[in-house]
Amino acid sequence: MLLEVFLVLGTLLIYFLFSKKDEETLPFKDGWWGRGQKPVTKEDSSIRPFKVETAEEELSDLFRRLDQARFTEPLENSFFHYGTNSVHLRKVVSYWKNQFNWKKQVEVLNNYPQFKTKIQGIDIHFVHVKPPCLPEGQAAKPLLMVHGWPGSFYEFYKIIPLLTDPASHGLGDEHIFEVICPSIPGYGFSEAPHKKDFNSVSAASVFYELMLRLGFSEFYTQGGDCGWLICTNLAQIAPSHVKGLHLNMVLVTKLGLSHLLSILLGRYFPGLFGFQDEDVRRMFPFLKKWLHKILSEFGYAHIQTTKPDTVGCGLNDSPVGLAAYILEKFSSWTDMEFQNLEDGGLERKFSLDDLLTNIMIYWVSGCIVSSMRFYKENLQKGIGTQKHDKLTVQVPTGIAAFPNEILHIPQAWAKKKYTNIVSFHFMPRGGHFAAFEEPELLAKDILQFVDKVEKEQLWKKKGE
Amino acid sequence: MGDVVCAVPEKTSLRKRKRRGEPGIVASLGAAARRARADMWRETLPNAWESIMSRIRSFDYSQKNAVLVPVAALGVGGMLLYWLRSGRKIKTIDMGEGWWGAGERPPKGKEDTSIRPFKIETSDKEIEDLHQRLDRFRFTPSVEGAAFHYGFNSSYLRKVVAYWRNQFDWRKQVEVLNKYPHFHTTIEGIDIHFIHVKPSYVPHGQAVRPLLMVHGWPGSFYEFYKIIPLLTEPAKHGLNEGDVVFEVICPSIPGYGFSEAPHQKEFDSIATARIFHKLMNRLGFKEYYLQGGDWGARITTNMAQMLPQSVKGLHLNVVFVTLEGLGKVISIMLGAYVPWLVGFSREDARRLYPFMQKNIYDVLRESGYLHIQATKPDTAGCGLNDSPVGLAAYIMEKFSTWTDKSFLHKDDGGLESKYSLDELLTNVMIYWVTSSIVSSMRYYKENFSKDPNIHNRVGVYVPTGIAAFPQELLHAPRVWAKDVYKNIITYTYMPRGGHFAAFEEPKLLAQDIMQFVRKVEQL
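These protein sequence lines map, in sequence, to chains A and B. Residue 183 in the UniProt record's numbering sits at position 183 of the first sequence, with consecutive numbering throughout. Residue 499 in the UniProt record's numbering sits at position 499 of the second sequence, with consecutive numbering throughout.
The following block holds chain B by itself, in its conformation from the complex (with noise of 0.2 Å):
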């Protein structure tokens, strides 16, 4: 019995130390903590056990059998039962502290929590030095034939620099950002922006759910002006989804947009969680829904696993997966011959296969900007800071390349059959008059310098809901999903669509979410 205790939780450890790969502070911990538990069997048990041997011990033979055998199997059973659930016991992420305001953390004092209503604005002194800027800008021809294989085709950025100098309006795009209402409020030392968008008209007796809705890089909440009108008033877009009626939170993360850059190190997407769900509270919510992409995907995923209970439903466009483990391994080799045999659907072997070309050739084709800005971000961010045109050509390449792939062979990069330029810029622009092209650079190295497991190795036991869009980066099948969101209530194909799924695809994913709510409520 006594080598039953010591073996398991060893085996577990190990096990769990191969997935792992780099150890990290909260790894450690939490080996410690495993082997606490170990030990508190080792002490508690040789007592217990005593006492009730000499109890048995007492007994004739028969009755001896007659109760050994049981409380043996109940005894091992129950060590077995013991470690099963262990290991999948519901944990959260402990929420922890923080403070990113510049110098010294002030002593005790209450936080000003004060809402304050905010309006974007522009200067002409702004749009002079824009143009200016965009005069002087100097070009690179292209090599011939590029298209938008060696990066953003020098030939189609002059014909966008043209636009944006001559034809975009920033005044005006400041009146389609003021349309909804903006706010800002401190929390843990440091300006947080959000919209919040409420239905103009409610029916009686409905009832509106607050839904946190968090972007990503190189987006910004002006992504989801699309869909904000169809989640707050769906039936006046010819959206009937069973009544569901939504208020709409759209945060800035912290060094994104118009929320202020933590001045100290390690503001990671755990800090974001933590600082939205004050957020949330801060307004009057108790319970809301999440919904979340690229950056915002991790957020809100970090949301639930530290307040379960807060989180009514997580919806997600992107789910991040860890190609290790042996079993990944495996299926992604038997996956292409069995598909069904791994817990593969046809559309899932579709789309993960060729899986070299897709996941690892493509994968390093795409991420070369994730890998300096979380080794460099200062370094990367400080010519894009100081030139709009750099700034534009690094994010829009993102808005090509992410939106369909196929769009690299484009001398335009396909960039105007599915955004506007007007929307595109305005994207570029809030990063441009806001200098926070750097702050969110850095969120890579903050983010990816620590233990990127640990994330995964807490589940996610919130209903979720998945809408996997064919174009997204790494497609992640429902099978490799289960394995972090425990409680999957829906997992759609979607029939088109990108990356940037709320802002290319605002009704589909409107949808989605609305028929993944619904099957919340009805649980």
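Same shape as in the complex, but just chain A (with noise of 0.2 Å):
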């Protein structure tokens, strides 16, 4: 396993040494994702609202199955080491079955207008929440936040109305957002695209499409996980129209001769390699957590990369399978630590109504399948390879970097891709699921950010 990492790091030094940047914009990806053939009439482009509804038979399907659901005892204290401690497990089933409910879950889903719209022959789903209320002359700011695996646009929830009523929230009313929060196609909602090679790329463009359609010529993003990698790519494909690019999340997938430097001697000498205390107290020492936690937490990328069809197929079928599989990751990639707990440490950050809801976002709509695709579609050529990873980003960028996020990348690295990076925080706590978890300090970052972009109009100035 370890050979098999380092042949591919290896691989892509020397491939990347010999490498250099573009700073040409990523090409629009246009595609037809329906069904068959592309019909030669034109795409019914109209934006239909749309509600969750769900039904006695789904949710007395659901209650068999958990009835009927077969566990296997853990070891002897093994807690969350071997992945989601069944003994746990059960007790979750249990709220799902005698207190959870669905269908008041599902008003507080419907809380927030939806749509649906046809892009590139598939619905697109998203939520549209505009501000309650504008300040005179003022006009709400449009923001896209998309979100990643195994996440939905549930994770925005909590954060939408401190961007949409900041200042109910008492974050002030400078900057008001209206918030559009689309779901990737495969995921929720959003039809799952029944051709190959939908990829970031392609999510990217359909969103791109989404905004104009929506009326907005500029506007802002923001994302983590594969929201992350959309935006991104949205920001490569569209730069005159992304205002700003804020993340929670960053990876690089161009490593160098100067990252294995860093590497091998950033602990030592962290000034000479751009990294700042904070940098280097959370990414050394190295191999622990970066070399141990890739082989130890990637082993669901690894096999969504290649066998999506297989590995997901019986998560359609089980929903305590399904939810075993995704709380794994609200336990881990929240806090490492959590593994040593006998319950995951699942409740100490969320609820467990909020983390049933999204499970029942992907049960509900029989997506992780598709959703596993995209990992596919996006990795199955190796990790850096395509034409967006060797291209920057030009637009205003912020970064809000949490400390339990699961790989942590220090400012040095990123501005190589980011080249205009506005702000670069530290945040005093949190982990991946950043908006899930701590909505308001990751509301009060963007709002830092945008205040940045807005005020010295940074939009306005073209590349650096």
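These are computed hints drawn from the structure, not numbers from a lab. Idealized CB from N, CA, C, for every residue including glycine. Careful, some of the hints might be misleading.
With the C-beta cut set under 10 Å, the calculated list includes, among others, these residues of chain A facing chain B [as the list claims (entries may be wrong)]:
| no. | residue |
| --- | --- |
| 1 | 68 |
| 2 | 196 |
| 3 | 299 |
| 4 | 309 |
| 5 | 313 |
| 6 | 421 |
| 7 | 425 |
Given two chains presented individually in distinct reference frames, assemble the corresponding complex, making use of the accompanying hints.
Spelled out as structure tokens, the structure:
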């Protein structure tokens, strides 16, 4: 396993030593993702209101499956080291059957206006929340927020009010947003692509069309996990439309000689490599915080990149299996130490209602398999091999670096790709699911970033 | 002289440390042992040396030379020989001890060593429950043109499920499974399941050789059902390999099928090897043959490393090689151009190259299951123990791709070109009715979280036979296998067949086992 990783890293190293960065834009990726042949007639571009619905049958089917779930006893003293602990899972399932109220949660979901519109052959679902009130003369700033895996648009439900109505939450009223949270095609209520090759650039192109269709020619984007990649691609496709790009997660896919040197020596000569003390604290010891973590936490990515239809198959049939698979991430990726707890620390940062609502979105839409295919479409040719990996990002970028994020990327590394970093902050607490776990911290960081961009009219400056 | 003694152990341990990668407990114990040997030499030597020196100083010049030079030569030679041999001294794996039952190990009381006959049973309730789950399975349509590239194809899965629901007869298959005698016996706190098949007729004077055959993942003892009659009654099946006849024992690895799953952590292939030795011992065998593929290859190799005196011969259809070490890297690079220089045959070169494609990309593409099972088995297996269709897709995907890589391009995964649906589903049912998928996956975590090279550093000296099947995932040339298997008696390039050799090509495998055993008996 170690050898695999090193061989891949080594190959990339050699390859990228000889490649040079490009400042061109990423081409828009047109496509047709519907079933069969693309029809000759023009696509229906209407925007239709949408409401999440449920039926008795859906619930009774779910309960029957929960009742008949077959569990396997965990090994003694294994906590969450072998994955989701089935003793705790039983408790979650019991809550799910007896206390969780899906009908009530559906009403919660429908609190925000949702819509569907057909783009490139598939129905795109999105939430669109406008500010309840705007001060005289002020326009709402459009903000596109993109979720990741195994999340959904629901992750943004706590942060939306902080952005559409900041004044009511003590965050001032200088910048007020109207928020658009689409579901990535293949996730939740967005239709899954029927053709191969729907990758992050395809998603970015679809969301770009969405924003244009909604009448926005300039907007902000925010994302983490898959959302990080899609928003980055969007900024590369249409830099003149993206006023600012805010990220709560960054990954680098090009590791060159300088990266290698900074890994070997960065702990001892941080200043030499542009590392701050907090960077060093979060990145080292390297083996433990990077290599071991990649090996121990990325099995899901490996199997989803190679055999998504196989691994997702059972999960679309067993809600308990689906819950175990998804909850494990909400445990480890919020705090790796949670693996040492019998309950995986799940309810320390999230309520069971919230966690189960997210899982139910995957369950009722039957989208787990298509959500996993996104990994294959993006990574099957290898990490860092695509055109967008080689291009930089010139739009003003703000990065919120959360301490329990899976991998920490220092600003010194990020700025090689994001050439126009306007703000980079070490957040005091929080993990991978930033909007879900620490909505206020994230909202504040977005606001200060937008403030900087607006005050200095940074989006008008073309590239650095 | 003192310099030579000090320098040599240092160099050895450094080389071995580099080969190791991650240090483990056993590895550091080994290093400590080597240091202890070096210390011993440093202590006894000066005293002996002193007494010799004083004796020699009393001689005159020419006598001194006459004595000193040969003594020096012998001394240096002896040192070198000792160093050379100590690196290759026949070491064995420590047998160790274990307790895998629930809770605390009971105080010193004799374990129940009875061997209890066992029959697989089923019930209406079990079948009814299965049918209900098959009926309510929720399909996800594949992307267009996916074949088996995204994993198990959904359209073909629908056909499999329809067959499973309407034509597959589990009661009939249970009778098939029960045609060989099954048993249970308790070892180290857990119930070990095995089948034990003796030849029905043995001509007077013919020796019946005991043969332990160990399955792997996602297989089971059932994989051996077609090869068993070829081994217990070869003459009846047109195989006459010099009157070699076996009685076959096929256990289920603890955590698989009808063997109880360990309740404690760290149950690895070494614990399994020890338990299987105890099983054979309990059955009254002092010496026996071993055969295995997949985990079975690892377990039987460990058995040979643990108690070589009990293993008459070891036959494998899978050889695990590590690609570490400068020597290997060089032979990989040169082997594409001058295979003969690095000990590759033409067939080796054909199977190994293009190297990156076959050994790196293909392995990365096929090892996702290994990665997730070695890290989060309880998560990966949870849904599969609850959805029989999910379980079938997960398991049968391997029977497709690991039988023939080109099956990836087929809409039906080529499954029924080599196996019947009845056979494939029976294997899946064994995992289903015993709820053993999660414990079977934990085996990966228990084996991969330790020092992976401890096995390869201890050589295997028992007579070994290797059947190299062309569609096996990774090809191990004889010259690499020799690193670990020091006593290869036969190495055969099989004409066809993949990973599940006994299941797919029972006759080819049986013939190779027999010709291997014949050679061993002639030694």
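Against the structure, the hints:
{"no.": "1", "hint": "68", "in the structure": "7 Å, holds"}
{"no.": "2", "hint": "196", "in the structure": "5 Å, holds"}
{"no.": "3", "hint": "299", "in the structure": "3 Å, holds"}
{"no.": "4", "hint": "309", "in the structure": "4 Å, holds"}
{"no.": "5", "hint": "313", "in the structure": "4 Å, holds"}
{"no.": "6", "hint": "421", "in the structure": "33 Å, violated"}
{"no.": "7", "hint": "425", "in the structure": "32 Å, violated"}
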